[in-house]
Every structure is written in C-alpha cells, then in structure tokens.
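Student: Spelled out from the first residue to the last, the chains are:
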Amino acid sequence: MGTVPVTTVRMAGRRPRRARFLPWAPLVTLVVMLGPVLAGILGTLAPAFGYMPALQGTGLSLGPLRALLEWPGLWRAVMLSLGVGLGATAISLAIVTLICAGWAGTRSFTMIERLLSPLLSVPHAAAAFGLAFLIAPSGWLSRGLSTWATGWTRPPDLLILQDPAGLSLIFGLVTKEVPFLLLMTLAALTQVRPASSLRVAQCLGYARITGWLKTVFPLVYRQIRLPVFAVLAFSMSVVDVAIILGPNTPPTLAVQVVRWMNDPDLALRFQAAAGAVLQLGLVLFGIGVWRLIEIAAGRLGKIWVSTGGRGWRGLDQVIRGAALILGATAALAVIAGLAGQVIWSFAGLWQFPDLLPDGFTWRNWHRYGTQLAGPAGETLIIAGAATGLALLLTLACLEAEHRHGLRPATRALWLLYLPLIVPQVAFLTGFQTLSIGAGLDGGRMAVIAAHLVFVLPYVFLSLADPWRAWDAKHDTTARALGAGPDRVLWMVRLPMLLRPVLIATAVGFAVSVGQYLPTLLVGAGRVPTLTTEAVALASGGDRRVTGVYALAQTAAALAPFALALVLPRLLWRNRKGLLHA
Amino acid sequence: MPENAAFPPGLRFEGVTISLDGTRLIALDCNVDPGEVLTVMGPSGSGKSTLLAAITGTLPPAFRLAGRIRLDGQDLAGLPTEARQVGILFQDEYLFPHLSVGANLAFGLKPALKGRAARRARVEAALDEVGLSGFADRDPATLSGGQRARVALQRTLLSEPRALLLDEAFSKLDTGLRQQTRALVFEVARRRALPVLQVTHDHSDAEAAGGPVHCLGQLATRN
Chain A
1 MGTVPVTTVR
11 MAGRRPRRAR
21 FLPWAPLVTL
31 VVMLGPVLAG
41 ILGTLAPAFG
51 YMPALQGTGL
61 SLGPLRALLE
71 WPGLWRAVML
81 SLGVGLGATA
91 ISLAIVTLIC
101 AGWAGTRSFT
111 MIERLLSPLL
121 SVPHAAAAFG
131 LAFLIAPSGW
141 LSRGLSTWAT
151 GWTRPPDLLI
161 LQDPAGLSLI
171 FGLVTKEVPF
181 LLLMTLAALT
191 QVRPASSLRV
201 AQCLGYARIT
211 GWLKTVFPLV
221 YRQIRLPVFA
231 VLAFSMSVVD
241 VAIILGPNTP
251 PTLAVQVVRW
261 MNDPDLALRF
271 QAAAGAVLQL
281 GLVLFGIGVW
291 RLIEIAAGRL
301 GKIWVSTGGR
311 GWRGLDQVIR
321 GAALILGATA
331 ALAVIAGLAG
341 QVIWSFAGLW
351 QFPDLLPDGF
361 TWRNWHRYGT
371 QLAGPAGETL
381 IIAGAATGLA
391 LLLTLACLEA
401 EHRHGLRPAT
411 RALWLLYLPL
421 IVPQVAFLTG
431 FQTLSIGAGL
441 DGGRMAVIAA
451 HLVFVLPYVF
461 LSLADPWRAW
471 DAKHDTTARA
481 LGAGPDRVLW
491 MVRLPMLLRP
501 VLIATAVGFA
511 VSVGQYLPTL
521 LVGAGRVPTL
531 TTEAVALASG
541 GDRRVTGVYA
551 LAQTAAALAP
561 FALALVLPRL
571 LWRNRKGLLH
581 A
Chain B
1 MPENAAFPPG
11 LRFEGVTISL
21 DGTRLIALDC
31 NVDPGEVLTV
41 MGPSGSGKST
51 LLAAITGTLP
61 PAFRLAGRIR
71 LDGQDLAGLP
81 TEARQVGILF
91 QDEYLFPHLS
101 VGANLAFGLK
111 PALKGRAARR
121 ARVEAALDEV
131 GLSGFADRDP
141 ATLSGGQRAR
151 VALQRTLLSE
161 PRALLLDEAF
171 SKLDTGLRQQ
181 TRALVFEVAR
191 RRALPVLQVT
201 HDHSDAEAAG
211 GPVHCLGQLA
221 TRN
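Protein chains in written order, with this note's numbering: chain A, 1 to 581; chain B, 1 to 223.
Hint data in this document are derived by calculation from the structure and do not stem from the laboratory. A few of these clues could be false.
Here are the computed lysine to aspartate or glutamate pairs in the DMTMM-like style, where the Cα-Cα straight-line distance is at most 25 Å [what the hints assert, rightly or not]:
| id | chain 1 | residue 1 | chain 2 | residue 2 |
| --- | --- | --- | --- | --- |
| 1 | A | K576 | B | E187 |
| 2 | A | K576 | B | E124 |
| 3 | B | K110 | B | E129 |
| 4 | A | K576 | B | D174 |
| 5 | A | K576 | A | D263 |
| 6 | A | K473 | B | D174 |
| 7 | B | K110 | A | D486 |
| 8 | B | K114 | A | E113 |
| 9 | B | K172 | B | D92 |
| 10 | B | K172 | A | E113 |
| 11 | B | K172 | B | D202 |
| 12 | B | K172 | B | E187 |
| 13 | A | K576 | B | D139 |
| 14 | A | K473 | B | D92 |
| 15 | A | K576 | B | D92 |
| 16 | A | K576 | B | D137 |
| 17 | A | K473 | B | E160 |
| 18 | A | K473 | B | D75 |
| 19 | A | K302 | B | D75 |
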C-alpha cells in the first residue's frame, strides 16, 4: 500500500468551460459593494479638509470644520440624531424581543410572521407620509377625537409632527424597524432551537418571558447584533423620514448636511463634507455607546440569571399583552397610514373634522397620473437593473461557494453590513464628488451603481440561508445522473429555490424603490424617481398629490412581493412537494 | 469511455484510505466484480457515506483520500461526478419535486437518445418495467414510498451507470416493502452486470445481497 500514489481530491478535474467567472464572483461583489463606500468616504474626507479643486479648494485646511462648529444649530442637531437613533433602536429591539419572548410558537405569532413581508416592503417615505397624516393636528386621530371627545372644529395648535424632541420621528422609525428586526430575529431563532430551551426553563418553574430572556435571548442577540447596529446607524442618519417627520430648526445632522449639499452656494459643499464626516463619527460613537450598554446589560443579565428568580406570572401576562399591543400599534400605524393615503388620493372635498371626504373622485389620479409615468418608469428601470445585477452577483457568489468551497468566514459578514452601517451621507456626498470628477455626474448608471451598494446586502442576506439550506444530495443525485454543474443549477437548484429567489428579488426591488438619498445625491437631482418626487412634493403640503405618489411608490415596492408569493403557487400548483417549500 | 484491459472489470479499490485530521477512517483494497454486491457496514459516523462520497467525487476537502479507485479500469481521480457514470440511491429518493415522474426519468436519460417521442417511449418503458405504467405525468409527491423508490431506481438505470452505490437505500421502507425493493434492485444489478456497493447498518441488507461484507472499524474484508 505504501507505493500507492496519493491522489488529491478535486471535484472539478475538468474545469467547467463557462464557469471561469465564478471563482472571481466574491471579489467582484465586494468591489462593487464596498468600492463606492470606501471611495465615497475618501471623497468626503478630502473636501471636509478643504481639498476640492473644482471649487478652488487646493490646499488642506480646517476651515470647513471650523465653519461647521460655528453653525449655531450643531449641538442640538447632533444630540437630536443621537437621541433619535438610540431611542428608535432601543424601542424597536424591546418590542421585537418581548413579542418573541411572549408569543413565539403561538398562532398569533404565525399571523405576525405573515404580516412581515408586506410591512417590510412599504418604503420608509410612504410609511412616514401615512403616519404624518395619522398624527398631524389635522390628521385622522385628531378628526376621530373631534367628533365625540374634544369637539375641535379646527385643527388644534399642537406641535405633534416635526416636534423638536424628534418623538414623531422615533415613532415613524420604530414602525419600520420593528418588522426588519423581527425578520432578522426569526432567522436567528431557527438556529438556536428556542422551543426546547423555553420548555426546559418552564419545567424548572420559570415564567415564559423570564425563561425566554434568560435562556434564548443571549443566543439570539449574538446573531442579530449586526442588524441592530444597522438599525442604529440608519435611525441616526436617515434623511427622507427625518424630512417628513423630524424637526426643522434645527433638523437632524444628516438632513442639515443634505441641505448644505443642495444649497445654491457651492462654498457650503465644504461644510457639508465636514458635516458628513461628523455624521460618520457620530454613528461610530453611537455604536460605541450601544456597545457599552450591551456590556452593562450583559453583566446585569448574568447576575439576574444567577439569582434564579423565576419571574412573576402575572407580570409576565401583562408584558405579553403590552408587547402585542405595541407591535400591533406599529403595524396598524403603517396600515392605517396607507389607508389614509388611498383615501386622500381619491378625495374630493375633505374638511376638518370630517372623518371621510364628502365624495370620492378620480380627478387626483387624472391630474397627477400623467406626471407619474416618468418617475415610475425611472424607478422601475433603476430598481430592475440594480436588483438584476445584485441577484446575478449573489447567485454567482453562492454558486462559487458551492462549487469551489469559497465560503466566507463569519467575520466577512461585517463586510456585508458595512454599506448598511456607514451612514449614507458620509459616503454618498463623496461618491457624488467623485462621479462628477469621473464625468458620470447625474446619470442613471451612477444611480444604479449607488443603489446596487444597498440592494446587494439585502438580496444576499435574504437568499443565502435558503440557498445554503438546500440539500446537497440533490446535487450529488443529479450529477451522478450525468448532469454537469451548470445543468444542475438551471434545471434543478434554481427551479427548486424559485420562491426564495423571487422573494430576494422582491426585497432588492423594494430596497431600491425606497432609496432617497442615493438617487438625490448621485443623480444630482436629475434622475427623478417616485421616492425623490414624493419627498420633494411633501413640502408643498398637498395631501392629494402626496397620497398619489406615496401609493405609487408603495405599489412599486409591493407588486414584486405579490408576484413572489403568487408565481410559485401558479407554477407549482401541481407540485405538492414545492407548495410549502 | 474505453475499458482498460490491464485491469479486471468492476469497481476496484487499490490501497484506498480516507483520513480526517490524520485519523484513518477507511482502508479498502478489493474488487467488486460486475453483478456482485459489496456491503460496507459500520456504526453511525464510521465513514460509510464518506466512502461513497469518495467514489462519486463529492468528498469534502477536509478529508484526505489516498490510493486509487478504478471503474472498469479507469482511474476516477480528477473526474467530475457527472463523468464517473456511477449511479447512487440514497435513503430518500431525491426525486426532483418540480418535475413530473416522467421528467424525473427523462433527466437521467442520455442526451444521445434524440427525439421527443423516442425519449418519451423509453421513459414509458422504464415505468412499465417496474409496474408504474401511466405514471409519467404524476407529481412525485403523490407517490407511495415504494413507488418513489422504484422511480428513483429507474431514473438511475436510465443514466446507464457502470456501477451502483446504495447509501442506506432501503432503511426508510417498512419490512415487506424493503424486501421487495431490495430484491428488485439486486436482481436488476445482477442482470445488468453492475458492480454494487451498499453501505448499511442493517444485517438483513447484507444477507439479502449475499456478497462480501466489509466492516468499518475492523479494516478487514470477509466473505
């Protein structure tokens, strides 16, 4: 036996002819996703320190930073951004945790799960418009109360929307971040077998929520830390929602940076860049603060676990109820807000305090429908291209992982979350500066490239788990029957995974449809999409036109989800094995 | 694929060892003649399925394979799975759920058989052989366990393999069905002169096969 030559195992001794791109796919994907982020940060740093030759900034200076520090609203804007970010994240995480602790595995929880996808796909701006109509002094809640409780005949003089403390902004963010975090938590829960841990805890006498928090939460939190950071970074630096629901004087730092960016006075670009760098620092600081809170909570949690307290069943029931009410409020706010948009878009005369308009008309749709066509077409082209590219790269990466064993390390997950954690204003302003330099200024292609940065992580995150969970014995079986890797991919794997592929496509599409800042900044305001138009029209205060645009925006995001649910049911209506896959 | 006259036909293991992290899991040096069934037995985790992965070319990179595996004289090293002409049946049938029974069978048919009618006729004949005439348009999910096992067998045979591997292929079937399916598979393999390697933890599978038995962990082949 000693003379027997050693053969190394190579699955692909004969290289598949058309698969040359695959081994490069992970690298290409990283470059496409992180290239603009890193280049954009550099492009932001340079003008922040006075270097921008196009605007006669040829030397390095601290002038922009000084100008930023001299802006009187800076301290308030910074505190507002920090407070809104930490507040929205903490409230969203608390609601998600308590809903899972109190309801996971129950029938109510299954209903919540079903609501997730549609809620997630509603663009942030559309949800914010809806919420604005609900809670504004002239909004639905106030109208509802006027008829029997308050007797208001005119909208009350209350600063509910755009309140200086940013409470309505926090509320708006929570309504959208709860579904996102819940989805991420559900994915994490499948890996930690929560039911058996909870059963053991309950057998030992622990109340449900206490048992869940002590046994399941520590494992789950470790898995959702990056999504939590993404929520924190997003909430601290969001622009469109903050324009609609946030305070104005001063606004959050990110909104102020965008104002400076779009100011006719080009000299303010330096100050904007300095503000963007400060925003990046602020997000890093916010994540640092959150990390400290994590450590403190971890220590306190360990002490709490070691005390052996079983929790009080009565309190447990109260918390369960409260969690469900809070979660339902967040969901209802989005749904009722959208219903309000529908009614406004068809409303004839609708005076305060009437709960419904005097009549319904198609006039608004006739009037604004023709204007919708351009932005709607642009939205579909950009979302289609960005999602198509993202899907192609994601599939190539996952197939490279399968065929060549190029599986990323767990640490590489950070890279995937980087575009979601680095605040958009911090690199998009730089990306815009660079694209001006490269002559790509304001083009559709540049906007598609910018959208791809945000669409890719979501498409990858939603497709990777089902792709990897596919039983590889199907592959062995098909290849043993003589099928090459390409035939297995097209004839077996993709058809079997049609549903997750379509859902990932729908997620990507919805992410692209909802992008405000990348479209505005990288498109230099010359690539109008439904989202940029809707936010621009919001300042006009005409609820009819806002309703029309917000609905069109929501429809563009929701339609692919509907297709993703309906298509597999149609295609596989005679295939029982795939109907519930 | 021309037969190499210097080697006997069948599935041949020449000083094959498979190790993981320096620990030798499997050592095999034998020939499975055409129509013969070699049964490899051993407890869970002993490396039975690893041996099959080495033959199909799907061994994970963490394992180290030494020695040569030859099929009808041809060294399998470096050949991709689809070029090895080795059929495999698992405990689950792995019928593709998006394809009809007929399309599953057609997936195994060689592309050299041209023409829709000819391919369809070949599929129908294969179904007829195992008492499943008229099942071509059925959804695989609506078949019974025994029917699925027969479809999986016929699909594999249509791909014209030169050897057959059985990975606990009968362990999910109840006793009566198990004897019936086992008898069918072994009979077909003998008729087609296919060398068969089955891994199992069930002695009745080994007895039914009637061939040599290799027990993992003992590193010995006994008749």
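Student: Would you mind marking each hint as holding or not holding in the structure?
Tutor: Hint check:
1. Distance hint between K576(A) and E187(B) is unfulfilled; the C-alpha atoms sit about 32 Å from each other, more than 25 Å.
2. Restraint check: the Cα-Cα separation between K576(A) and E124(B) comes to about 23 Å, which is no more than 25 Å; the hinted pair holds.
3. At most 25 Å may separate the alpha-carbon atoms for a hinted pair to count; K110(B) and E129(B) meet this at roughly 19 Å.
4. Simply put, K576(A) and D174(B) have alpha-carbon atoms about 23 Å apart, close enough for the 25 Å limit, and the pair holds.
5. Distance hint between K576(A) and D263(A) is unfulfilled; the C-alpha atoms sit about 59 Å from each other, more than 25 Å.
6. Among the hinted pairs, K473(A) with D174(B) is consistent with the structure: their alpha-carbon atoms are about 23 Å apart, no more than 25 Å.
7. A C-alpha spacing of about 16 Å is found between K110(B) and D486(A), which places the hinted pair at or below 25 Å, so the restraint holds.
8. For the hint pairing K114(B) with E113(A), the CA-to-CA distance comes to about 49 Å; that exceeds 25 Å, so the pair is violated.
9. A C-alpha spacing of about 8 Å is found between K172(B) and D92(B), which places the hinted pair at or below 25 Å, so the restraint holds.
10. This hinted pair does not check out: K172(B) and E113(A) have alpha carbons roughly 34 Å apart, beyond 25 Å.
11. With a CA separation close to 12 Å, the supplied pair K172(B) and D202(B) stays within the 25 Å bound.
12. Only pairs whose Cα atoms come within 25 Å are accepted, and K172(B) paired with E187(B) is accepted, the gap being roughly 20 Å.
13. With a C-alpha separation of about 7 Å, the suggested pairing of K576(A) with D139(B) holds against the 25 Å cut-off.
14. Pair hint K473(A) plus D92(B) holds up; C-alpha atoms about 9 Å apart against a cutoff of 25 Å.
15. With a C-alpha separation of about 17 Å, the suggested pairing of K576(A) with D92(B) holds against the 25 Å cut-off.
16. Proposed proximity of K576(A) and D137(B) is supported: the alpha carbons are some 14 Å apart, at most 25 Å.
17. For the suggested pair K473(A) and E160(B), the alpha carbons sit about 19 Å apart, so the restraint of at most 25 Å is met.
18. With a C-alpha separation of about 24 Å, the suggested pair K473(A) and D75(B) falls inside the 25 Å cut-off, and the hint holds.
19. Our distance criterion of 25 Å between C-alpha atoms is broken by K302(A) and D75(B), whose separation comes to about 59 Å.
In terms of the numbered hints stated before, the structure departs from hints 1, 5, 8, 10, 19, listed from lowest to highest.
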